[in-house]
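*Asks:* In case you want the letters, here they are:
Protein chains: 2
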Amino acid sequence: MEETEKLGAFFKPCSVAIIGATKKIDKAGHVIFRNFANNKNRGVFKGEVYPVNPHEDSILGFKCYPSITEIPGELELIVIVVPAKAVPTIMEEAAAKKVKTAIIITSGFREIGNAALEDQIAAIAKKAGIRVLGPNCLGVYYSKTGVDTLFLPETKVLTTGDEVVATPRPLSGDIAIVTQSGAFGVAALDFLAGRQIGISKFVSFGNKCDVTESEMMHYLLYDKETKVILLYVEDIKHGREFLRIAKKVTLKKPIVALKAGRSAAGARAAASHTGAIAGSDKIYDAAFEQTGVIRARDMEEFFDTGKALSMQPPAMGKNIGVLTDAGGPGIMAVDELVSNGLTVERFSDATLQEFQRLKDQSVLPKFAATSNPVDLTGSVTDDMFEVAADLMFRAPDVHGILLLGLHHLPGLREKYIEGVAKVAAKYSKPIVMCDIGETEMALYTRFRFDKLGIPSFPSPEDAARAMYALVSYGAYLQKNGCADEYLCEFLKRRSKTQPVL
Amino acid sequence: MEETEKLGAFFKPCSVAIIGATKKIDKAGHVIFRNFANNKNRGVFKGEVYPVNPHEDSILGFKCYPSITEIPGELELIVIVVPAKAVPTIMEEAAAKKVKTAIIITSGFREIGNAALEDQIAAIAKKAGIRVLGPNCLGVYYSKTGVDTLFLPETKVLTTGDEVVATPRPLSGDIAIVTQSGAFGVAALDFLAGRQIGISKFVSFGNKCDVTESEMMHYLLYDKETKVILLYVEDIKHGREFLRIAKKVTLKKPIVALKAGRSAAGARAAASHTGAIAGSDKIYDAAFEQTGVIRARDMEEFFDTGKALSMQPPAMGKNIGVLTDAGGPGIMAVDELVSNGLTVERFSDATLQEFQRLKDQSVLPKFAATSNPVDLTGSVTDDMFEVAADLMFRAPDVHGILLLGLHHLPGLREKYIEGVAKVAAKYSKPIVMCDIGETEMALYTRFRFDKLGIPSFPSPEDAARAMYALVSYGAYLQKNGCADEYLCEFLKRRSKTQPVL
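Going down the list, the protein sequences come from chains A and B. Under the numbering used here, the final residue of the first sequence carries the number 922; numbering is consecutive throughout. Under the numbering used here, the final residue of the second sequence carries the number 922; numbering is consecutive throughout.
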């Protein structure tokens with residue numbers, strides 16, 4: 422636990438030095454220093470910021486130091502952006518200075534065959550008790566303290582002279598990103614920022630000569646802001662450590678893993694990327710299953726699963742109610758649920774009778790299909806969705822709801838969005854939704870559902886896969902006897918954070 | 422062929438009557454009539470337009486007729502929007518009037534058990550030689566002639582009073598949509614319009630009491646504007662007809678099928694949707710494989726495959742070159758290619774030597790991985806992508822290129838987009854690309870590539886699946902000895918339509 426606490430200095434250091442800071446605008450050492458300088462000036466970063474460069478007196482108005490040994494006071498974090506061969510000397514100085522943590526951005530180590538150089542810096546760090554992220558990584562982004570070691574500038578200037586958002590930093594939220602690939606990491610930030618999904622912490626660990634994904638997950642287990650961990654890995658070197666820690670974490674917080682290098686050709690590519698030696702993919706499958714880690718099958722499922730788990734409670738069974746106003750997409754959702762091992766069973770007689778009553782009373786369309794899926798047909802209205810969702814939530818044999826609210830039908834407006842959210846808030850079962858389309862009303866509908874805590878997806882299959890993750894995680898928690906505890910925590914949190922309807 | 426030609430009246434009728442036209446704004450009969458009235462007034466629809474309603478004298482300034490028998494001159498198309506029980510009488514009148522084609526929007530037939538009523542109208546049509554789309558369908562949308570029988574209004578007014586785009590009509594383009602599900606059909610329009618992908622024709626055929634998906638595909642085979650057919654079906658009733666026609670069409674134009682109702686639960690849902698009796702899913706798999714129809718595994722793959730096939734030539738082999746500036750996403754792409762049965766083989770010695778020469782000359786980064794995937798690393802520049810792509814296109818053992826141009830890296834701007842498009846235009850091999858992100862520069866990058874004819878995708882796996890479709894279709898054409906002819910036609914078309922670079 423003590424070692425885990427030490428990792429805190431990566432996220433909230435009292436002081437940081439950027440070694441290799443420069444005035445040259447295109448350089449990583451400039452972008453990273455500027456991030457800290459700006460955040461310091463804006464009052465977001467509250468610690469001390471020191472540029473280190475023997476050739477400059479000051480950078481962006483901050484006094485520059487020739488080496489870290491000249492910096493007054495203690496140093497909690499150093500960020501290293503100098504060429505690989507200079508890194509051991511810096512690390513020796515860091516050891517002398519009793520630095521707590523180091524982020525080594527520099528590449529040119531194990532991933533290109535320079536394993537000896539990497540081992541050398543790892544040995545220095547170990548002896549001095551310095552915890553290291555990297556080398557060959559992007560480091561940390563944490564919006565609340567203003568720690569931002571990403572050398573990818575937020576905006577770019579096109580040849581036209583236009584400045585556009587290039588590497589956005591997402592808002593703060595519930596999801597932690599822990600990634601071996603830096604490039605995939607920033608791509609994730611770009612994706613999540615665009616979809617308005619917030620993150621708690623971002624950690625890119627690259628060659629992981631010291632701090633592993635497992636240790637980082639252990640740290641995040643105790644991080645109050647993190648509710649879900651998204652983990653991108655190309656290999657896991659310390660299998661036992663991973664099994665032990667992942668098992669512990671997943672009882673409290675879901676871990677979603679995207680493990681690249683499944684194929685032999687992919688593994689070969691991974692070896693030259695982060696020096697990863699992946700081994701058999703089946704071993705990873707087994708390790709993930711054993712520890713309750715949810716393995717995403719592709720990028721989209723990775724993000725979608727994270728979104729669903731952060732917004733909705735897990736399902737306590739695998740029978741799903743499908744509620745739709747569009748027959749075709751309803752069938753597509755059913756197909757995908759079933760192909761993931763879930764069921765879409767005909768409702769109990771009691772539920773069917775209640776539906777019949779609603780049809781007899783003309784609350785629902787006379788010709789609506791109601792045996793699961795429930796298809797409200799082209800006659801759908803906002804009220805019908807609310808009534809039908811409520812009835813389905815009440816059905817004891819329905820463990821979660823997949824709602825297809827295609828906005829195109831004439832009688833449907835946007836009133837039902839709040840209505841369904843109100844209904845869903847009464848129950849502890851999960852609901853996910855889909856609307857199809859890429860123009861105004863589709864984007865608006867999905868955005869509103871997201872804001873009300875009901876995760877929305879652009880295709881029936883995406884929604885079905887998200888529900889599958891909620892079912893898988895629920896089953897794992899139940900098997901390990903901690904479903905009630907998790908659900909209780911989740912509902913407590915939801916009642917606190919839910920927007921007032 | 423003669424029967425096929427007759428279907429032309431659905432798309433370019435000299436005269437159309439809307440039976441059930443009304444002034445009531447929320448009604449399907451109003452929306453459909455208004456579509457024609459507006460398109461007539463704007464000079465897009467050049468035929469005669471007749472509203473039919475015994476209770477009105479005129480609608481939107483058009484003289485209204487009590488029945489079609491009172492309409493002067495011949496009628497090529499009628500659109501029926503009256504209740505189910507009134508449809509047989511209308512059809513009898515249509516027979517007397519010698520109407521060529523009828524679109525029956527009305528539902529309440531086989532899909533809810535009223536098979537007899539449906540058989541009755543089918544018999545009247547058959548006897549009179551009237552070709553029928555529907556019932557229980559949305560009919561036709563064809564931008565060039567202004568035929569638009571979609572009763573889903575283009576915009577909706579929210580409760581706030583704001584008017585937003587709800588069911589957009591896409592621009593004209595290369596892709597035909599042929600769909601059994603109307604709701605999925607309009608969702609497709611919404612998706613494609615938002616992604617700025619144009620369509621040639623849209624046909625929703627619902628219960629298909631007369632015109633089948635197969636006949637429609639046969640019509641589209643001879644439609645010059647259609648290059649790719651996207652087919653959504655829940656069942657195919659006339660198997661032999663489908664096999665015969667699909668086999669003929671796919672030699673000239675790719676067909677991509679999304680067959681819903683794969684699962685037993687999904688098939689049950691389909692039965693109550695369009696009265697579909699799907700039968701075993703394996704039979705469909707076999708039929709599609711035998712006829713060269715590419716089966717999409719989900720909605721996104723359906724659209725992505727259509728996009729790729731409309732923009733790029735098929736691949737004449739299955740070995741793919743992966744070119745990336747981001748290691749992780751490169752590995753993800755390789756994994757997905759391989760899991761689809763494609764290969765990402767180490768380049769030949771000759772190609773490797775050329776890459777080495779470029780590295781020695783500092784044209785490419787010294788530490789770039791170049792054995793396939795080619796990873797230009799964080800040091801990437803626009804020029805490097807062009808040079809590397811050219812070399813990979815030249816390699817005889819590379820049959821297609823998957824480009825991952827993650828825009829986040831500092832040295833990459835947007836110049837390479839045109840550069841790569843220029844390189845690609847020199848070769849007859851396909852290229853697909855991916856950039857990850859949902860904010861400005863990612864959207865801009867993907868949009869630009871699309872406009873230059875290189876299909877872009879938001880995830881590595883989506884791009885890999887699109888490439889898989891290009892390889893599958895290429896293999897089918899080769900097996901059937903018509904790859905050269907198709908490729909020749911494709912390249913001729915590309916040289917005519919390619920934007921000037």
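Some hints could be false.
Since copy identity is lost for identical chains, a pair holds within one copy or between any two.
Unchecked claim - Lysine-lysine pairs mimicking DSS-like chemistry, simulated, CA-CA at most 25 Å apart:
1) LYS668 <-> LYS445
2) LYS565 <-> LYS847
3) LYS900 <-> LYS461
4) LYS506 <-> LYS780
5) LYS445 <-> LYS836
6) LYS836 <-> LYS448
7) LYS519 <-> LYS872
8) LYS658 <-> LYS847
9) LYS461 <-> LYS519
10) LYS427 <-> LYS669
11) LYS913 <-> LYS843
12) LYS787 <-> LYS548
13) LYS787 <-> LYS448
14) LYS780 <-> LYS448
15) LYS506 <-> LYS787
16) LYS787 <-> LYS445
Since the hints were derived computationally from the structure, they do not count as laboratory data.
*Asks:* Failing hints, ascending?
*Replies:* Violated hints: 1, 2, 3, 7, 8 and 12; rest satisfied.
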